[in-house]
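Chain A is fixed; fit chain B onto it per the hints.
Protein chains in written order, with the numbering used here: chain A, 15 to 335; chain B, 15 to 335.
Be aware that a few hints might be false.
[What the hints assert, rightly or not] No farther apart than 27 Å at their CA atoms in a straight line, the calculated lysine-lysine pairs in the DSS-like style are these:
id	chain 1	residue 1	chain 2	residue 2
1	A	89	A	310
2	B	310	A	109
3	B	310	A	69
4	B	72	A	310
5	B	192	A	310
6	B	72	B	310
[As the list claims (entries may be wrong)] Per the computed footprint, the stretches of chain A lying under chain B, defined by three or more beta-carbons under 8 Å from a beta-carbon of chain B, are:
id	segment
7	20-31
8	320-326
No wet-lab data here; the hints were simulated from the structure.
Cβ coordinates follow ideal geometry from the N, Cα and C atoms, glycine included.
2 protein chains.
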Amino acid sequence: MAVYTEVFDDDLAEFLTHYDIGQPLALKGIAEGVENSNYLLMTDQGPFILTLYEKRVKEGDLPYFLGLMRHFSEKGVACPQPVPGRDGTALRRLKNRPAAIFTFLPGAWPRRPGVAQCGQLGKALAEMHLAGQSYPHTRANALSLEGWEGLFRDTGHLADEWTPGLSDEIAAELAFLKDNWPHDLPTGVIHADLFPDNVFFLDGTLSGLIDFYFACNDLLAYDLCICLNSWCFENQREFNATKGLHMIAGYQSVRPLTPAEIEALPILARGAALRFLLTRLYDAANTPKGAMVTIKNPMEYVDRLRFHQRVRSALEYGLRP
Amino acid sequence: MAVYTEVFDDDLAEFLTHYDIGQPLALKGIAEGVENSNYLLMTDQGPFILTLYEKRVKEGDLPYFLGLMRHFSEKGVACPQPVPGRDGTALRRLKNRPAAIFTFLPGAWPRRPGVAQCGQLGKALAEMHLAGQSYPHTRANALSLEGWEGLFRDTGHLADEWTPGLSDEIAAELAFLKDNWPHDLPTGVIHADLFPDNVFFLDGTLSGLIDFYFACNDLLAYDLCICLNSWCFENQREFNATKGLHMIAGYQSVRPLTPAEIEALPILARGAALRFLLTRLYDAANTPKGAMVTIKNPMEYVDRLRFHQRVRSALEYGLRP
Chain A
15 MAVYTEVFDD
25 DLAEFLTHYD
35 IGQPLALKGI
45 AEGVENSNYL
55 LMTDQGPFIL
65 TLYEKRVKEG
75 DLPYFLGLMR
85 HFSEKGVACP
95 QPVPGRDGTA
105 LRRLKNRPAA
115 IFTFLPGAWP
125 RRPGVAQCGQ
135 LGKALAEMHL
145 AGQSYPHTRA
155 NALSLEGWEG
165 LFRDTGHLAD
175 EWTPGLSDEI
185 AAELAFLKDN
195 WPHDLPTGVI
205 HADLFPDNVF
215 FLDGTLSGLI
225 DFYFACNDLL
235 AYDLCICLNS
245 WCFENQREFN
255 ATKGLHMIAG
265 YQSVRPLTPA
275 EIEALPILAR
285 GAALRFLLTR
295 LYDAANTPKG
305 AMVTIKNPME
315 YVDRLRFHQR
325 VRSALEYGLR
335 P
Chain B
15 MAVYTEVFDD
25 DLAEFLTHYD
35 IGQPLALKGI
45 AEGVENSNYL
55 LMTDQGPFIL
65 TLYEKRVKEG
75 DLPYFLGLMR
85 HFSEKGVACP
95 QPVPGRDGTA
105 LRRLKNRPAA
115 IFTFLPGAWP
125 RRPGVAQCGQ
135 LGKALAEMHL
145 AGQSYPHTRA
155 NALSLEGWEG
165 LFRDTGHLAD
175 EWTPGLSDEI
185 AAELAFLKDN
195 WPHDLPTGVI
205 HADLFPDNVF
215 FLDGTLSGLI
225 DFYFACNDLL
235 AYDLCICLNS
245 WCFENQREFN
255 ATKGLHMIAG
265 YQSVRPLTPA
275 EIEALPILAR
285 GAALRFLLTR
295 LYDAANTPKG
305 AMVTIKNPME
315 YVDRLRFHQR
325 VRSALEYGLR
335 P
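Here chain A stands alone, though its shape is the one from the complex (with noise of 0.2 Å):
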């Protein structure tokens, strides 16, 4: 839920001058992206979204990630693509910050992720992946391993108010991780954030991926297993193995993973939950009160990183032997 920069009439009257996108009809702020500010914008020539960079996304990352979703939708993934102006930039700054309008992309995410959907993502996940490695850009994994080092070290000591001996636990995961993390897989560019508010489904097909403002390069299993914390669990803890099946068979129709890759999925499993368990204690600690932001549960990462740490192999995961 975000609005933090207010657009008035005027400001969006000038802003709009840069652009042949039709006479404004409406603008009303809307409740999505935790990030940015993000507008619904109404003309006579349809819906776009119009959205501020506030502090948190780098201001020079921007033409990465912008770059990115043209190239994704030139390669036929759906998702929502920046308007360029008339002087042919689609960046540019509105309330002394970047901004940029993009097409509006139809669908809603799906509050209830269910079987069906999880094997949609992971294809779509898969064809993300293959039409990233075409991309020429690159952008370094902010939250990988030393991401995660810096996180622990600012929030670490906060982690056992959550719950005694977390903070430890923590620790331990990291040196772990830190010894055997896998440098030989398959890279590319990754979402790394692909949960399912990210998803749009219509009509029960997924129409699309937004919010690419955590992708970079790393390696592509990552991704899924990013995916596999975020959309297979039920109540928040209890992994389905139907749900994993369905997206890791998904994810393989279109681009089978290696065998060091299946191997792997535990491992990187527990990154992913470690990555998410680190943000969210780091959100927990650095929102003000009163913002209008509601905060993420860290405590279902710690759940779901034991878990990861019981799994022996993928097979555990759903995949098909």
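Below, chain B without anything else, positioned relative to chain A:
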């Protein structure tokens, strides 16, 4: 800013089986209104607004409000229209709450209303008052003198936390208003909350009014005084008589005020300032911490109340002699 109740895609699909408004393309929670949950619903027939009524609106009052919006629209007052389902009913239930779909009113509310907009607002308010004369239903104003006394009993003791002595000041004002409130002025349907965020403009022209959930039968000139309070102050506390002049002149171009109404303007303006002072004190005391609502500062209305207490004649509001 408000989205209190989350609507899932299957909830929406079931709800829409009652309507002939096309296939849903998107449902976006919008940051508008603080009393209800509002969604922008896009279908292949265009945009609509879906409203879920939260507990602050009495369910028994909804037929009055929805009927009023229908009546106003028939009389040429632009406002959202309740969309009837196939059974002819506009009001049904969704997520265990009363809910209705409305036509989409284009436009945006003015963040910095200027003189010309104040003039248009005055004219639209008078047109609404005339149109309301033929509405056959009535609803008492729950937030008139008696309501204010009730609010003061509940939250008056907290007023001194905002500024020392405020509680006594309010008590004295309540006593004064009780002794001096006019009872023989023209009455009719009033909006009772026509702040700038409830009035849309498109290309500089007033395109319609929204949010009729405080509408009731009361003194028409009191409604104008609510607008003088909410549209005509600069920097929250300095009355701009040029804006007042244009608003009153706009109003009188459609419905001339009676001499008794003109004489009563200062006391009605005091009442209006006190009403919003009291409800803001109440809201500040009763909004749970962390609720995704911006607390509005009650003190703005202390300053406005004190201004009105010094006013000796409606000429000071910009009334043309």
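Here is what the structure says about each hint:
1. A:89 x A:310: violated, 34 Å
2. B:310 x A:109: holds, 23 Å
3. B:310 x A:69: With a Cα-Cα distance of about 25 Å, the restraint between residue 310 of chain B and residue 69 of chain A holds, given a limit of 27 Å.
4. B:72 x A:310: The given pair, whose Cα atoms are some 32 Å apart, is violated under the 27 Å limit.
5. B:192 x A:310: violated, 49 Å
6. B:72 x B:310: holds, 23 Å
7. 20-31: holds (count 5)
8. 320-326: With 0 residues in contact (Cβ-Cβ under 8 Å with chain B), the coverage given for the segment 320-326 of chain A is violated.
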